[in-house]
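Read off the chains here:
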Amino acid sequence: MSVTLNRAGLSRDAYKGAATTLCAGCGHNSITNHMIKALYELGVEPHLLAKMSGIGCSSKTPAYFVETAHGFNGVHGRMPSLTTGAQLANRELIMLGVSGDGDTASIGLGQFMHMIRRNIDCTYIIEDNGTYGLTKGQFSATADLGSVQKKGSVNTFQPIDPCAVALALGCSFVARSFSGDGKQVVPLIKAAIAHRGTAVLDIISPCVTFNDHDGSTKSYSWVKDHEESIADVSFIPFFEEVQVDYEPGTVRDVQLHDGSHILLKKLGEDHDPRDRRAAQRVIDEGRANGHLVTGLLYVDPSAEDFASTEKIPATPLKDFDEKDLRLSREQFDQFIAEFA
Amino acid sequence: MTEPIVNNLTIQAATVNGSGSQTANLVLTRAIFHMGIPVAPKNVFPSNIEGLPTWYQLRITPQGHMARSDRVDVLVAFNATTWREDLKTVRPGGVVIHEESYSTADARTDVVYYPVPFAKLAKAKIASDTLRKQLANMIYVGVVAGVLGIPWEALEHGVKRQFLAKPKAVQVNLDAIKVGLDHYQDNFSKQDAYRLEPMTGVVEGKVLVEGNQAAALGALMGGVTVAAWYPITPSSSLCEYLIAYSDRFRTDPTTGDKRIAVVQAEDELAAVGMAIGAAWAGARAMTSTSGPGISLMAEFAGLAYYAEVPVVIFDIQRIGPSTGLPTRTSQGDVSFAYTISHGDTKHLVLLPGSVEECYEFGRDAFDYADRFQTPVFVLSDLDLGMNLWMTPAFKYPEKPFDRGKVLGKEDLERLSGDWGRYQDVDGDGVTYRTLPGTDHPAAGYFTRGSGHDEHAKYTEGADTYARNMDRLNRKFETARAALPAPVADETAKSAVGLIAYGSTDAAVREARERLAAAGRPVDYLRIRALPLSPEVAGFVTRHETVYVAEQNRDGQMFDLIRLSLPAELVGRLRSIRHYNGQPIPAEAITEPLLQPEAVPA
Numbered sequence: 016m017s018v019t020l021n022r023a024g025l026s027r028d029a030y031k032g033a034a035t036t037l038c039a040g041c042g043h044n045s046i047t048n049h050m051i052k053a054l055y056e057l058g059v060e061p062h063l064l065a066k067m068s069g070i071g072c073s074s075k076t077p078a079y080f081v082e083t084a085h086g087f088n089g090v091h092g093r094m095p096s097l098t099t100g101a102q103l104a105n106r107e108l109i110m111l112g113v114s115g116d117g118d119t120a121s122i123g124l125g126q127f128m129h130m131i132r133r134n135i136d137c138t139y140i141i142e143d144n145g146t147y148g149l150t151k152g153q154f155s156a157t158a159d160l161g162s163v164q165k166k167g168s169v170n171t172f173q174p175i176d177p178c179a180v181a182l183a184l185g186c187s188f189v190a191r192s193f194s195g196d197g198k199q200v201v202p203l204i205k206a207a208i209a210h211r212g213t214a215v216l217d218i219i220s221p222c223v224t225f226n227d228h229d230g231s232t233k234s235y236s237w238v239k240d241h242e243e244s245i246a247d248v249s250f251i252p253f254f255e256e257v258q259v260d261y262e263p264g265t266v267r268d269v270q271l272h273d274g275s276h277i278l279l280k281k282l283g284e285d286h287d288p289r290d291r292r293a294a295q296r297v298i299d300e301g302r303a304n305g306h307l308v309t310g311l312l313y314v315d316p317s318a319e320d321f322a323s324t325e326k327i328p329a330t331p332l333k334d335f336d337e338k339d340l341r342l343s344r345e346q347f348d349q350f351i352a353e354f355a
Numbered sequence: 013m014t015e016p017i018v019n020n021l022t023i024q025a026a027t028v029n030g031s032g033s034q035t036a037n038l039v040l041t042r043a044i045f046h047m048g049i050p051v052a053p054k055n056v057f058p059s060n061i062e063g064l065p066t067w068y069q070l071r072i073t074p075q076g077h078m079a080r081s082d083r084v085d086v087l088v089a090f091n092a093t094t095w096r097e098d099l100k101t102v103r104p105g106g107v108v109i110h111e112e113s114y115s116t117a118d119a120r121t122d123v124v125y126y127p128v129p130f131a132k133l134a135k136a137k138i139a140s141d142t143l144r145k146q147l148a149n150m151i152y153v154g155v156v157a158g159v160l161g162i163p164w165e166a167l168e169h170g171v172k173r174q175f176l177a178k179p180k181a182v183q184v185n186l187d188a189i190k191v192g193l194d195h196y197q198d199n200f201s202k203q204d205a206y207r208l209e210p211m212t213g214v215v216e217g218k219v220l221v222e223g224n225q226a227a228a229l230g231a232l233m234g235g236v237t238v239a240a241w242y243p244i245t246p247s248s249s250l251c252e253y254l255i256a257y258s259d260r261f262r263t264d265p266t267t268g269d270k271r272i273a274v275v276q277a278e279d280e281l282a283a284v285g286m287a288i289g290a291a292w293a294g295a296r297a298m299t300s301t302s303g304p305g306i307s308l309m310a311e312f313a314g315l316a317y318y319a320e321v322p323v324v325i326f327d328i329q330r331i332g333p334s335t336g337l338p339t340r341t342s343q344g345d346v347s348f349a350y351t352i353s354h355g356d357t358k359h360l361v362l363l364p365g366s367v368e369e370c371y372e373f374g375r376d377a378f379d380y381a382d383r384f385q386t387p388v389f390v391l392s393d394l395d396l397g398m399n400l401w402m403t404p405a406f407k408y409p410e411k412p413f414d415r416g417k418v419l420g421k422e423d424l425e426r427l428s429g430d431w432g433r434y435q436d437v438d439g440d441g442v443t444y445r446t447l448p449g450t451d452h453p454a455a456g457y458f459t460r461g462s463g464h465d466e467h468a469k470y471t472e473g474a475d476t477y478a479r480n481m482d483r484l485n486r487k488f489e490t491a492r493a494a495l496p497a498p499v500a501d502e503t504a505k506s507a508v509g510l511i512a513y514g515s516t517d518a519a520v521r522e523a524r525e526r527l528a529a530a531g532r533p534v535d536y537l538r539i540r541a542l543p544l545s546p547e548v549a550g551f552v553t554r555h556e557t558v559y560v561a562e563q564n565r566d567g568q569m570f571d572l573i574r575l576s577l578p579a580e581l582v583g584r585l586r587s588i589r590h591y592n593g594q595p596i597p598a599e600a601i602t603e604p605l606l607q608p609e610a611v612p613a
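Chains F and P supply the protein sequences, listed in that same order.
Just remember that the numbering used here sits 15 ahead of the position in the first sequence, which is counted from 1.
Just remember that the numbering used here sits 12 ahead of the position in the second sequence, which is counted from 1.
Do not rely on the hints blindly, as some may be mistaken.
[Stated by the list, open to error] Far from chain F by the CB rule (all over 10 Å, computed), these chain P residues: (1) Lys-100; (2) Arg-103; (3) Lys-218; (4) Phe-261; (5) Lys-270; (6) Ala-282; (7) Val-284; (8) Gly-289; (9) Tyr-408; (10) Thr-446; (11) Ala-478.
[Unchecked claim] Straight-line alpha carbon distances no greater than 30 Å define the calculated BS3-like cross-link-like pairs of lysine-lysine that follow: (12) Lys-338/F x Lys-417/P; (13) Lys-132/P x Lys-178/P; (14) Lys-218/P x Lys-338/F.
[Stated by the list, open to error] So these bits of chain F aren't anywhere near chain P, every CB distance computed over 12 Å: (15) Val-81; (16) Glu-243; (17) Pro-252.
Don't read these hints as lab results, they were simulated from the structure.
Ideal Cβ placement from N, Cα and C applies to all residues, glycine included.
Make a model of the complete structure from these sequences and hints.
Structure below.
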């Protein structure tokens, strides 16, 4: 049996993790597989990957891929701050955050927003099922108005849409997808990783145990019936050549700062993902029409990430020693003398 | 005229917050210090930007006592609102320099008044409309200099030192001081007993530093590369100094790159989270806060304890509970910081007792955090942090960083990748860690706040959980022996002992001198860290009665010591508690110790 090695010299198996402990059929498990595929195909070196998460079903998943990478399963809703710190300590790391709708839109909304505001260089995946799984089925803040809980109660509150929030805050990469749509999720994950800055990827990921029934707008059947993809997405990493035949005017090519390309093949109305207002309109209209609009909503490849704004050197801060960090003896004595 | 009182007086300037009075206070302080006279300044300021009363107390003693004193010898009354009350605080025979327009009808007759038309002088003699309000304060410096005899050269030094960064401001300020000095000389003759005279012997080799400056410098010398903070009094200036020092000492002059990230976070949860994330990734990382912020950091502190992430947390204590008195000092976070977070959590706590220790502990905290892979709390307070203290010049560190047990690529190759993140290889409870980015397939592990085994794998196994908790306890015991030991002075050979920590030290030193002079000498043990050193019990064993003096209502350290002692020693402890938000004066300690029952039979 032949094994295909990627540019890091690794097989697909090298990107696997521990066996999942989530329910059979959980959307999150599909996303884990999409993640493995994306990381393998990108040739990410496991030792440079930092898998970050908060608390909840989604936040357990970093244990289920790239076992040899470092991971940090922190406290509920606070993954962005851990990610921010780790990114500053070592700019070479590829920060990959996995969160849920409770972790992001409820307890962690503040940190989510401030991460975006700072444009931390990280990928932030929301495995969004509109419900609290580990605590047995309470509504989350992304549950739609009027959606019905398994036990019958109706959600009376407006949902918080992480993509709309991200766009409003000037997020430099906003996308939405569906766990069952690997063809779309995989290139979006790759693009999110290649993007410099905060890449928010809200993936509707049905909870088979607590939120996959009639009346839910986060169920497999609802999403299948209502998904409206704005464009076919493909991703060409910087180390591959763009070799796609397409009719002129049918495909948009967005080049990211690292030289990779996102190719977007028009499906319906032409959406320019560099137009933030258009992205907001697409989200609003989708919501008004009862559709789940998926695809790359917005990207700004030129945005400067936080570490660059803060003038953090390319050498990881963790690697500086006494000689780089302490005042010299002369500087020190001179400085102390100023206090006389 | 009575016998002159030389270099032994307390000046109290009563002014209005936000009026520029602090600059005048500092110029006066530096001028007197320049004469070789020991100074101990204390700010009593409101939680307010502009308009509320504020007091600056400048204590001057030939011995160099640093504690606050209740007595006021020289009042500078610059605040009409508090004038009547301020006047009551002056001791008989004291000096009152006041705005001429304040009414002295029915005022005290046992003090010496120097009425000065500050407002009129400012209007007539200070040309700049924009600077008049600020410079008016400098006029009082001139009057005080006249009354007490501060030489012009010392005033010049004070102004130049205060305006190091703004040399242009020197002349206008000196001119304003001259207005006050001339007014005194033209209108008054010396009526009181107080004098300042140049002296030698105490201040040589010493500098004036705020604890927060010292801690920021300590952190810088300790190698901090990521600091995250949220503004809160009285800790904000620590990170603000860190920013200023980093701009000066950590910035590449050509590229502008900074060998540090100082991030103003959205709240204290994020601040400590960023620090923990950075420390996990291998940076030396810190946050700085005060009471309410410490409360918010509770959950993350438990994560760092259990997942074993090194992080340094400065707590510049202010008085609580809740918002409390945000601009007043306290030692009220001791027991909370020690065990902050749910479950069986406990932390290493450093207790600097001087600004020199703010520097040293601020620096060494990063070594302790790395060595023991756990949060280290540095408990300073508002009194230490925001007041200027006379201190010996700080020493340059001779030791390199101690980054603790970190396995690199070569180590992992040597071990053939066979290691466990939470495996106690050395028997000291301290395990080995790897950093993200280490290029070895066995380097990666999963850090989590949930139950984990020796290889960092998730487990809810009962035995594994208990084994890990026992190992954490072993690590805590290793740390207990390594943290700064208490400083003991048992030269009094007394049956009575005193225990204190942190900024209370200044009052204890002075109290001991007075007690010795009264024929009641006491021994002293100053605690410098938690968990408690076994030397604390040893000290109690050697004394029949031991007083624990501290600045909180509940006797928090008193309780911690009692819990640590064998039952037969517990009864020896007495508690002295000062908790009104003002720094503890020596009297708070001498008074109970001069009671007849303070002496064991």
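These are the hints, each one checked on the structure:
no.: 1; hint: Lys-100; in the structure: holds (36 Å)
no.: 2; hint: Arg-103; in the structure: holds (32 Å)
no.: 3; hint: Lys-218; in the structure: violated (8 Å)
no.: 4; hint: Phe-261; in the structure: violated (5 Å)
no.: 5; hint: Lys-270; in the structure: violated (5 Å)
no.: 6; hint: Ala-282; in the structure: violated (4 Å)
no.: 7; hint: Val-284; in the structure: violated (8 Å)
no.: 8; hint: Gly-289; in the structure: violated (3 Å)
no.: 9; hint: Tyr-408; in the structure: violated (5 Å)
no.: 10; hint: Thr-446; in the structure: violated (8 Å)
no.: 11; hint: Ala-478; in the structure: holds (21 Å)
no.: 12; hint: Lys-338/F x Lys-417/P; in the structure: holds (21 Å)
no.: 13; hint: Lys-132/P x Lys-178/P; in the structure: holds (27 Å)
no.: 14; hint: Lys-218/P x Lys-338/F; in the structure: holds (27 Å)
no.: 15; hint: Val-81; in the structure: violated (8 Å)
no.: 16; hint: Glu-243; in the structure: holds (35 Å)
no.: 17; hint: Pro-252; in the structure: holds (21 Å)
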